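Q: Protein chains in written order, with the working numbering: chain A, -14 to 322; chain B, 13 to 136.
Among these hints, one or two may not hold up.
Claimed, not checked - A few chain B residues facing chain A, derived, Cβ under 10 Å: (1) V49; (2) F50; (3) E52; (4) V56; (5) R58; (6) A74; (7) A75.
In case anyone wonders, no lab produced these hints; they're calculated from the structure. From a predicted model like this one, the values you see are computed outputs, not experimental measurements. C-beta atoms are modelled at their ideal positions from N, C-alpha and C, and glycine is treated no differently.
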Amino acid sequence: MVDFAGWEMPVQYSGILAEHKSVREEVGVFDISHMGEFFVGGPGSVAWLDSLLTNNVASLSDGAAQYSLMLNERGGVIDDLIVYRLGAEKFLLVVNASMIEEDAAWLNSHMAGGIEFENASGRFGALAVQGPSAAGIFEKLFGRKMPDERNRILQLGENFVVTTGYTGEAGFEWIMPAGEAVAAWGRCLEAGAKPCGLGARDTLRLEMCYPLNGSDLSPDRTPLEAGLGFFVDLNKPDFVGKSALVAQKGAGVSTRLCALRVTEKAPPIRPHYPVWIGGNPVTETTSGALSPSLGDGIALAYLPSGFSKPGQEVEIEVRGRKFRACVRKKPLYQKET
Amino acid sequence: MNENLRYSETHEWILVEGDTGTIGISDHAQAELTDIVFAEPPPVGRILVAGDVAAVVESVKAASDIYSPVSGEVIARNGAVEETPALLNTDPFGAGWIYKIRLSNPGELAKLKDPAAYSAQIGA
């Protein structure tokens, strides 16, 4: 068990490799009760959220969810989150566990008239069911077919079931009142999902190059540098951080978060390993692991834009020795079809 | 459990025959680490002092240093665990040995734990 933002959570149940494989090939279930839940409602909540978050909330249809970011005035990332539209002026925001208090304080500091805001993090638990067989679990649990489309919300009272995830596989995330979470976990296992811990959650997301806030995202890095421009609508009238991003885009983005794959036999790559180009240390890895699917070390690192193209050769330093690696196109793992 | 094995507090085992010791990690250690995916035994000829970092093993999640339980010169390294690190998981007391050392101070063995004392340490 490890401490994760104040939650005691298992790194693994049966083993990271086995858990990782079951999500890629069958189905696994993760306890993600540590994630934070905020409810936003009231007249003007669409415009309010659009003035605070990078993605376009107005364009989000009822019953759908979108990935978005909360920035500081410098355009740096405070947090990344999922915005669920539950109704015309009713939203659920799911934020990172380590950022619950800070995000809530930040939203409250930008409060506008008529907005109802509730930090409901303590009231809710959540599970993520992920893998090619997740649809079967969904059917067993909810007696209906899982939507094929990503980001669709099924709301059953205070249960929110959404076809989202952090693994690159099909599946859903299920937010429920905290008192129902233990039984829900048991039902997922009964239905055939394998219990998975934080370790596999990290290797799965890293193979997909999904950033982890606090590691790959930080208040000193913008979403443009992190390769998340798709989730930033610079055509919106305004949002916190927009002017900094417009300026950065105009000047040219000089640093980019790149996916690296080791090209020789090497120890597993870890965060904060130095990255060298042409004999010079240029940066360090922000995330790193041995990819269970690929069998090689993989990492993310912010590289100067001139060295950020796929095919760029770099070296990653492990305990004083350098190992060859290469910038690769994201995601590092692609399902065989 | 082999009664002749001696253990360090940091979960290495040593089997001494004459002036030679064979060193690996305990079953408890491999179970805690799980999924060992990288191992690097020390080079032959390296002189180690008891407590020195002799090798590194890494699981998917973390790197762990392996400390030499005794002082001496490395006289053999197990290339098989470098090729197939999972041997440390599947056969920690056999094919998963890491290196052999020529003891320079056999008196150090008295500081190590016998199987009963080690079992008590790990609560087995």
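Q: None of the hints should be skipped; say for each whether it holds.
A: Hints and how they fare:
{"no.": "1", "hint": "V49", "result": "holds, 5 Å"}
{"no.": "2", "hint": "F50", "result": "holds, 5 Å"}
{"no.": "3", "hint": "E52", "result": "holds, 7 Å"}
{"no.": "4", "hint": "V56", "result": "violated, 19 Å"}
{"no.": "5", "hint": "R58", "result": "violated, 15 Å"}
{"no.": "6", "hint": "A74", "result": "holds, 8 Å"}
{"no.": "7", "hint": "A75", "result": "holds, 7 Å"}
Hint compliance for this structure: hints 4, 5 are not met, and every other hint is.
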